[in-house]
Amino acid sequence: MSVFSYAGLTADGQKTAGEIDAESLRSAKNQLKNQGVFITTIHAKGVGFNLGALRGRSLSDLMQLEVGPARVATKDLVSFTRQFATLIVAGITVVSALDAVAEQTESPALKRILQNIRKSVNEGSSMAEALKNHPRVFEPLYINMVVAAEATGRLGPVMSELAGLLEERQRMGRQLRASMTYPVFMLVVGLGLVAYLLRSVVPQITGLYLDMGQKLPRPTEILLMLSDFIKVYGVIVLLLLAALVVGLKVLIERNSHARMIKDRVLMHLPVIGLFVRKAAVARFAGTLSALVSARVPILQAIRISREVVGLMPYHEALAVVGTEVAEGQPLGPSLKKCGLFPALLVNMVTIGEKSGHLEDMLARVSEALSDELKAALAGLSGLVQPVLLLFMGGLIAFIMFAVLLPIFELNTFAGG
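For what it's worth, the numbering used here labels the leading residue of the sequence shown as 188, then goes sequentially.
These aren't lab readings, by the way, just hints derived from the structure by calculation.
Note that the structure is a prediction, hence the values are computed from the model and not measured.
From the three backbone atoms N, C-alpha and C, an ideal C-beta is built for every residue, glycine too.
Where hints are given, some of them may not hold.
[What the hints assert, rightly or not] Distance condition first, Cα-Cα at most 20 angstroms in a straight line; then the derived PhoX-like pairs of lysine-lysine: (1) Lys298 - Lys319; (2) Lys436 - Lys418; (3) Lys465 - Lys561; (4) Lys298 - Lys220; (5) Lys220 - Lys202; (6) Lys523 - Lys541; (7) Lys523 - Lys465; (8) Lys262 - Lys298; (9) Lys561 - Lys541; (10) Lys524 - Lys561; (11) Lys449 - Lys436; (12) Lys298 - Lys216; (13) Lys541 - Lys465; (14) Lys449 - Lys465; (15) Lys524 - Lys541.
[To be verified] Derived DEER-like restraints, expressed as beta-carbon distance ranges: (16) Leu531 - Ile423: 47 to 53 angstroms; (17) Glu206 - Arg482: 38 to 44 angstroms; (18) Gln357 - Ala445: 28 to 34 angstroms; (19) Asp398 - Phe595: 15 to 21 angstroms.
With the hints as extra help, turn the sequences into a complete structure.
What follows is the structure, encoded as structure tokens:
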């Protein structure tokens, strides 16, 4: 048994320290976790926390996440953000908070990242500058919110709001994946079945009819032509489609005009268009609400929120809104003028500005828009499943009809 000295926070945020007997460091950590203690430092008694190995890391170690295959899972990033925010709000320094969360995390990739960030901060970099070294982990929204937080001296509150945003996004992602898993499974199985029928079953059955000298009905001829086409050109068509998808993706990523066209088309698609518009507005409102609640200046909040909408028309409209607000125009009328935001958001923002309670109004409208988005997602999921069933059922029914039609005609001819 060894004795370990520790310091940390209790479940209600109170600082605590002491010693604990355990077989190993891992065992000591597990015991403290079970007691509800959030560890900030822990080491074997008489042994201080050694930063020698950390300080000796090379630049390649600093960038290990980017050059290596390791990735940080979304749930781990959300957990880090929430824990880090809790520690900062409790008065723990940035370096100590990074040490504490790095000790707690079970993700090797995130542990390396936090150690590297801790080293950069300890050497004089700001938190935001340290995060910029890991762009594949920390998106622009994350970094911009930390920049704003450090500029206003409100790192704890901003990180708390950011944690809430990430948690809400994670919930929506889970709901979207859950709602689309069954339809996607059905589509894959259905298309696989159709491909099997066209490549293997249809040629054999129609071959029997042709051997009997029977003239095939028109639907069966069409099905046989489709089967022959898939057998000869199926792989080529798949490769061409894959190349087209990749080419369009690259074009859209590199060309803002192409991205604008794609987003406008997406926004005006039946059903899907309504959902993506609601998602863009909900992201904007949620981010703006979080930033204003954290006392980030409104112009900076608009600029940061503009980056998360995900649709170019909204992105450009918010650039105009930001310019008008900078010139002294109220936010509500500026949002109304661009014509992309719902009356609920415009009216609540206008009321909030006039009453001096913009923060409260944004929080309420953000919650309302989030509820609308969840309802839209449920509606989209409820529509996709029956439409997909109808499509796949109709396709398979046509194949079976075309295969069996010659038998019916043969029986009719024999009976006549």
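Pairwise hint evaluation, lysine 436 against lysine 449, where the allowed Cα distance is 20 angstroms at most: Holds: lysine 449 and lysine 436 sit about 10 angstroms apart, inside 20 angstroms.
Satisfaction of hint between lysine 561 and lysine 465, Cα-Cα up to 20 angstroms: holds (10 angstroms)
20 angstroms limit on alpha-carbon distance, applied to hinted pair lysine 298 and lysine 220: holds (18 angstroms)
Satisfaction of hint between lysine 465 and lysine 449, Cα-Cα up to 20 angstroms: Cα-Cα ~17 angstroms, so holds.
Pair hint outcome, lysine 524 versus lysine 541 [Cα-Cα no greater than 20 angstroms]: holds (18 angstroms)
Given hint lysine 465 paired with lysine 541 - CA-CA distance at most 20 angstroms: Violated, at roughly 26 angstroms.
Whether the CB-CB distance between glutamine 357 and alanine 445 falls inside 28 to 34 angstroms: holds (30 angstroms)
Given hint lysine 319 paired with lysine 298 - CA-CA distance at most 20 angstroms: Holds, at roughly 17 angstroms.
Agreement of lysine 523 and lysine 465 with the hint, judged by alpha carbon distance not exceeding 20 angstroms: holds (16 angstroms)
Outcome for the supplied range 15 to 21 angstroms, where the beta carbon pair is aspartate 398 and phenylalanine 595: holds (19 angstroms)
Satisfaction of hint between lysine 298 and lysine 262, Cα-Cα up to 20 angstroms: holds (14 angstroms)
Distance restraint between lysine 523 and lysine 541, which requires alpha-carbon spacing of 20 angstroms or less: holds (15 angstroms)
Consistency note: the structure conflicts with the earlier hints numbered 2, 9, 10 and 13.
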